[in-house]
Amino acid sequence: MRELLELIEHDARRPVSEMAVMLKKSEYEIENEIKRLEKNKIILSYNTLIDWEKFGSDTVTAIIEINLTPQREVGFDAIAERIYRFDEVRTVYLMSGSFDLLVIIEGKSLKDVANFVATRLSTIEGVTATRSHFMLKPYKKDGIIIGDEEADRRLVVSP
Amino acid sequence: MTKINWQERLSPAVNAIAPSGIRKFFDIAAKMQDVISLGVGEPDFVTPWTIRESCVYGLERGYTSYTANRGMKELRDEIAAHYKRRFNFAADADKEILVTVGVSEALDIALRAVLSPGDEVLIPEPCYVSYAACTTLAGGVAVPVAAKIENEFRVTAAELEAHVTDKTKVLLIGYPNNPTGAIMTREDLLAVADFAEKHDLIVISDEIYGDLTYEGEPVCFAALPKMKERTILLNGFSKAYAMTGWRVGYAIANETISAAMTKIHQYTMLCAPITAQMAAVEALRRGEKYKDKMVAEYDRRRRLIYDGFNKMGLNCFEPKGAFYIFPSIKETGLDDNTFAEEILTAEHVALVPGSAFGESGKGHVRCSYATSTDKISEALNRIENFLRKRRR
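First to last, the sequence lines map onto chains S and X.
Per my numbering, the first sequence starts with residue 7, numbered consecutively.
Per my numbering, the second sequence starts with residue 12, numbered consecutively.
Do not rely on the hints blindly, as some may be mistaken.
[What the hints assert, rightly or not] Which chain X residues face chain S? A few, computed with CB under 8 Å, are given here:
id: 1; residue: 57
id: 2; residue: 311
id: 3; residue: 315
Keep in mind the hints are simulated off the structure, nothing from the lab.
Source: prediction; values computed, not measured.
Here a beta-carbon is modelled for each residue, glycine too, at the ideal position from N, C-alpha and C.
Model the full assembly from the supplied sequences, consistent with the hints where possible.
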């Protein structure tokens, strides 16, 4: 049910009763459908997008490009798993192009992240090179513009 | 020195038309905090970025001149291609299509091109506020034909027939309809087409909400059998592509009428703004998927607001197009103007009284669902609250 997923993806807190009306289904059907989507791990989790910087948190985000030597049978998967199991690692993608894994890390400080890369990532067998890029300012995340100032400029009443 | 009576010196045609009934509510609502407005006749979406960006790019490259009177050739070609694709309807981009400053201008010059003083224009009501006013300004006589809620605000050939005289020259229809949300099916329109042919009328068909049709396929009146030559088709980008402020629309009509309209347009407007025309080209080339997304969202909101009014027990028919719902508020014992004023004062919800859209809109209010679902839900709560207090 693509339309239901699109509604939830945009706003997971939308009441079931409202979605039922909007999608011409009963509340029971919507609830069951959501349960099914959760069970089948199509809905993976309900997250909240937070502007941590605005809140005052000063975490550091780094994007790390990693080159690997693939292993027999498992290719990149085993090393990827060794990497994505770390709590510090927020995102891992296998990439085409000049590097193999794109890893996004969050840490308390520059030093913290640098230390993690040097002692934990670079030392994994099969990792042949890493390049770290520190994120300076987020403009848009997961389709949401951060600090978007586009407002409703319409007249209150119009024909 | 005697004071000059300027009112008397104004054109009688201007004095004959009343200012739009919407204005008063705008003035009150604009001063209030915390108003939820269901009174807005335009999309809440901002124009899709690809369209805005193409206009910026055009400006950067120095597109700041006049265009051809009829509009940029690229735009007219895109409009022709769009109608061919969508309705298998062929229009000559050089002779039959005119790009205008919104449908508002197109409507004005269409009426001015065809009306002689005293010619009658049949106008199914409730309808958009400018139909009757533009008819009067063009020297014509507006003849309202009341559409009925029992018939889902569709007008029938029999109702039209009852108002025909030997002066009737034009039939002016606008479906999907502002303010009722009514649509006319193909069968409904075929009956109207037969009627137009029988009385040899020119049909002006305002299809600005055509893409916002939620049940069945949109029908293009000009594309019905034998209707092309007698139809002046009006459309634009404002509603479907969320481009109200750009002011760009178009008219498709037979070569003679189109040339006549172009003549008025060239002396009064010269051309539509080039920036808006460039944006319109982008809308037709790459705007479809954004449009579809917006239409799907309006449709979901439509169900939400219809459900809400139904639960309140207001007599309300299910709108099938545009982004308005038109519940009857007769059971409250208030007339629509008082209802709109009281609900604005008491609950801070702005609605538009139905009588702003003609006599037959009396006893109804127009609510626009071109606003977020949060606001729709909150507005519904407030309206229900208002009704509960009155019913006690």
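Okay, the hints, checked on the actual structure:
no., hint, verdict
1, 57, "holds, 6 Å"
2, 311, "holds, 4 Å"
3, 315, "holds, 5 Å"
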